[in-house]
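Using the sequences and the accompanying hints, generate a full structural model.
In order, the protein sequence lines correspond to chains A and B. For the record, in the first sequence the residue sitting at position 108 is 108 according to the numbering used here, with numbers rising by one throughout. For the record, in the second sequence the residue sitting at position 7 is 7 according to the numbering used here, with numbers rising by one throughout.
The hints are simulated quantities; they were obtained by calculation from the structure and are not laboratory data. The reader is advised that the hints may include incorrect statements.
To be verified - DSSO-like cross-link-like pairs, simulated, lysine-lysine; straight-line CA separation at most 27 Å:
1. B:Lys215 to B:Lys26
2. A:Lys124 to A:Lys67
3. B:Lys215 to B:Lys235
4. B:Lys96 to A:Lys382
5. A:Lys94 to A:Lys110
6. A:Lys377 to B:Lys96
7. B:Lys215 to A:Lys337
8. B:Lys94 to A:Lys379
9. A:Lys67 to A:Lys379
10. A:Lys337 to A:Lys382
11. A:Lys377 to B:Lys94
12. B:Lys96 to A:Lys337
13. A:Lys110 to A:Lys253
14. B:Lys96 to A:Lys379
15. B:Lys115 to B:Lys179
16. A:Lys108 to A:Lys137
17. A:Lys124 to A:Lys379
18. A:Lys382 to B:Lys94
19. A:Lys108 to A:Lys139
20. A:Lys139 to A:Lys253
21. A:Lys183 to A:Lys294
22. B:Lys8 to B:Lys26
23. A:Lys379 to A:Lys294
24. A:Lys183 to A:Lys299
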Amino acid sequence: MFELDNKPGDVNLEDYETDAENHNYAEELSEIEAADAEQFLNVGVDIQEIRRSGTFIQKDSSVVHCKTCQDGIEMMGISQAMEQHGWLENYIWKNVSPDADKFTSRTKEKPHEGYFIRSLPGMKASHPVQSCLYIAKNKFSQHVHNVVIAEEGSELHIITGCATAPHLDSGLHVGVSEFYVKKGAKLMFTMIHDWGENVNVRPRTVTRVEEGGVIVSNYISLRPVGSLQMYPTTYLEGEGAVARFNSVLVAGKGSHLDVGSKIVLGAPGTRAEIISRGITSGGTIIARGNLIGKVAGIKAHLECKGLILNDGLMRAIPELSGYVPGVEMSHEAAVGKIDQREIEYLMARGLDEDEAVSTIVRGFLNVDIEGLPANLKEKLDKAISESQKDMM
Amino acid sequence: MLQIEELKVEIGGKEILQNVNMEIPKGETHILFGPNGSGKTSLMMTIMGFSGYNVTHGKITFKGEDITYMPIHERAQLGIGVSFQRPPTINGLKTKNIVEICGMNRSVDVNELAKQLDFSDFLDRDVNHNFSGGEIKRSELLQLMAQEPDLLLLDEPESGVDLESIVLIGDTINSLLHKGIKFPRRGLSHIAARTKSALVITHTGHILDYITADKGQVLYEGIVRCSRNAREILKWIREYGYEECVLCSN
Ligand SMILES: Nc1ncnc2c1ncn2[C@@H]1O[C@H](COP(=O)(O)OP(=O)(O)O)[C@@H](O)[C@H]1O
Ligand SMILES: [Mg+2]
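What follows is the structure in structure tokens.
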């Protein structure tokens, strides 16, 4: 069950409204309003749906578009999925307890859809599916409940973007996500956030991985956000299961990011890696990483690097716990400013000081993210370059 | 090409270079000898304009321009290129990207240059990340090939390099100086024209077996003591050691 290891922050649920009017369903993505579509694009949603196996879009509490283009992949709103699959009750609220904290219990009381994505046994989707959770209504608190199941031997890549309408005064997003990676399956989950400076965000994610299963999770937040607090927890329960978590974080003035991951290595031969890169320029980043080795023959590594440009707070909290001999666990954490020697080295190659700094920052954030489609990679590089304008 | 007059340099308040005078004419390669700690690297860093090396007296002129207080990148753009002894690692920046940067808006065939230096396998690695001594040298020279500077400052180009690679390093330096036989860039007329200059730092002198020098100088305790034929100096140093060698200048 989901354990909440840190304070949820000072969000007052009563400050938000929990009802939103219904939005019309769009059969085709091209029917979506241009202003919304633009925001989707920023978080990796391909409007043309080229090289995507499916698309799910939710605006406030309404599913406004959902389509799969590949047999063997199911994608629908969670309420529809519960109607369709009676067995889903064996998955819902089984990884995460509604009582974990006030956000999970609010999601139980007042659910606003969320996605159900499942790859059938042996199904290897050639392209990622994409989803977008979007807040358009001012002061809305969106509580989604997502379930992802990668059945035995299947491969699934989800690109999920979260965004808000421009100029939202305030908003809260709570996402309860329960991921199941079955025997020999592989789930790649790439999440890109562009929430806006007045939005508070509380994802609550727990993943279970069976024998030989792999979860790769990439989290990217380069744009301003009010406060974000998440601590996705992964249980590697089957022999040889693997988890890799990457996060790339930029916190400008006013942004408070408390982002960590916890991985419990509970079976022999399991492997885990957490890599985090954070840059603060006037904001706060708390980068946590927690690896727990329960049995012999596991291997886990945590790498957390932070840069402070100008000012701001960068706190790295790496934790390793080994419960038996025969665990192999390590961490590497570094926090500091850009090394002047690196700047001058690049200047000696002809770059001026600003160009040298941006080149180093781009490199710093350039974690090799597995499985990212080329166009999304380009978009990210561009976003990284643009985020520098906010930082300088 | 490069002129240094009565240069005094401090690091952290301590005088490291006491009185350096030097002239490297266009087309000439000069060797800078000196024992460890004599200030050779400091001189090079000062010529390039690195922070921490405070010029308290004197003047550095390059191509007729006073560059004593010019920012580093302007010196690079003016045509000075450095091969560093211990360059920093830059995480996330690929070697091929820094080579492109060195091209400064000229188009460079990075793959072709890397092939010449037998460095193709390193193009996708982070700059200097876990490079061995010899790999650092090749990486530095690869960057200079893209940069094509008029004045090369090479800090101990042979140190940490195995015997096989030192031939390659020598060939590459000759090519950079347009003296290349192995990688001739523009034919013999360019070799004859000799437009490129170099200051090559060495404390062992091994590199002299692979490149030709017009002149040698000895830096000892922050002062340039001697200036004459490079091979002659090397012979003296090998025979008598630095301590004895510099006595003749007194
Ligand atoms: N960053 C520095 N801070 C303090 N002293 C330094 C620094 N760099 C070099 N020095 C000192 O300056 C002297 C010359 O060093 P260096 O230029 O590296 O000599 P060389 O390259 O000839 O071996 C040495 O005594 C060295 O300890
Ligand atoms: Mg030196």
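Cross-check of the supplied hints:
Taken as a hint, the B:Lys215 and B:Lys26 pair is honoured in the structure, with Cα atoms around 13 Å apart against an allowance of 27 Å. With a C-alpha separation of about 18 Å, the suggested pairing of A:Lys124 with A:Lys67 holds against the 27 Å cut-off. Simply put, B:Lys215 and B:Lys235 have alpha-carbon atoms about 14 Å apart, close enough for the 27 Å limit, and the pair holds. For the hint linking B:Lys96 to A:Lys382, the alpha-carbon distance of about 19 Å falls within 27 Å, and the restraint holds.
Restraint check for A:Lys94 and A:Lys110: satisfied, since their Cα atoms lie roughly 18 Å apart, inside the 27 Å limit. Distance check on the hinted pair: A:Lys377 and B:Lys96 sit about 18 Å apart at the alpha-carbon level, within 27 Å; holds. Distance restraint check for B:Lys215 and A:Lys337: the Cα-Cα separation of roughly 43 Å exceeds the 27 Å cut-off, and the hinted pair is therefore not satisfied. Note on B:Lys94 and A:Lys379: the hinted pairing holds, with a Cα-Cα distance of about 19 Å set against a maximum of 27 Å.
Of the pairs offered as hints, the one joining A:Lys67 and A:Lys379 holds, with about 24 Å between alpha carbons and a cut-off of 27 Å not exceeded. In summary, the hint linking A:Lys337 to A:Lys382 is supported, as the alpha carbons are separated by about 23 Å, within the 27 Å threshold. Restraint check: the Cα-Cα separation between A:Lys377 and B:Lys94 comes to about 16 Å, which is no more than 27 Å; the hinted pair holds. Among the hinted pairs, B:Lys96 with A:Lys337 is consistent with the structure: their alpha-carbon atoms are about 25 Å apart, no more than 27 Å.
Restraint check for A:Lys110 and A:Lys253: the C-alpha separation of about 32 Å exceeds 27 Å, so the hint is violated. Restraint check for B:Lys96 and A:Lys379: satisfied, since their Cα atoms lie roughly 21 Å apart, inside the 27 Å limit. Only pairs whose Cα atoms come within 27 Å are accepted, and B:Lys115 paired with B:Lys179 is accepted, the gap being roughly 19 Å. Taking the CA atoms of A:Lys108 and A:Lys137, the gap is near 21 Å; set against the 27 Å cutoff, the hint holds.
With a C-alpha separation of about 25 Å, the suggested pairing of A:Lys124 with A:Lys379 holds against the 27 Å cut-off. The straight-line distance between the Cα atoms of A:Lys382 and B:Lys94 is roughly 17 Å, inside the 27 Å bound, and the hint therefore holds. About 20 Å separates the Cα atoms of A:Lys108 and A:Lys139, which keeps this hinted pair within 27 Å; it holds. Proposed proximity of A:Lys139 and A:Lys253 is supported: the alpha carbons are some 22 Å apart, at most 27 Å.
Of the pairs offered as hints, the one joining A:Lys183 and A:Lys294 holds, with about 20 Å between alpha carbons and a cut-off of 27 Å not exceeded. Proximity of B:Lys8 to B:Lys26 is assessed by CA-CA distance (about 24 Å); at most 27 Å being required, the pair is judged to hold. Proximity of A:Lys379 to A:Lys294 is assessed by CA-CA distance (about 40 Å); at most 27 Å being required, the pair is judged violated. This hinted pair checks out: A:Lys183 and A:Lys299 have alpha carbons roughly 20 Å apart, not beyond 27 Å.
Checked against the numbered hints given earlier, the structure breaks hints 7, 13, 23 and satisfies all the rest.
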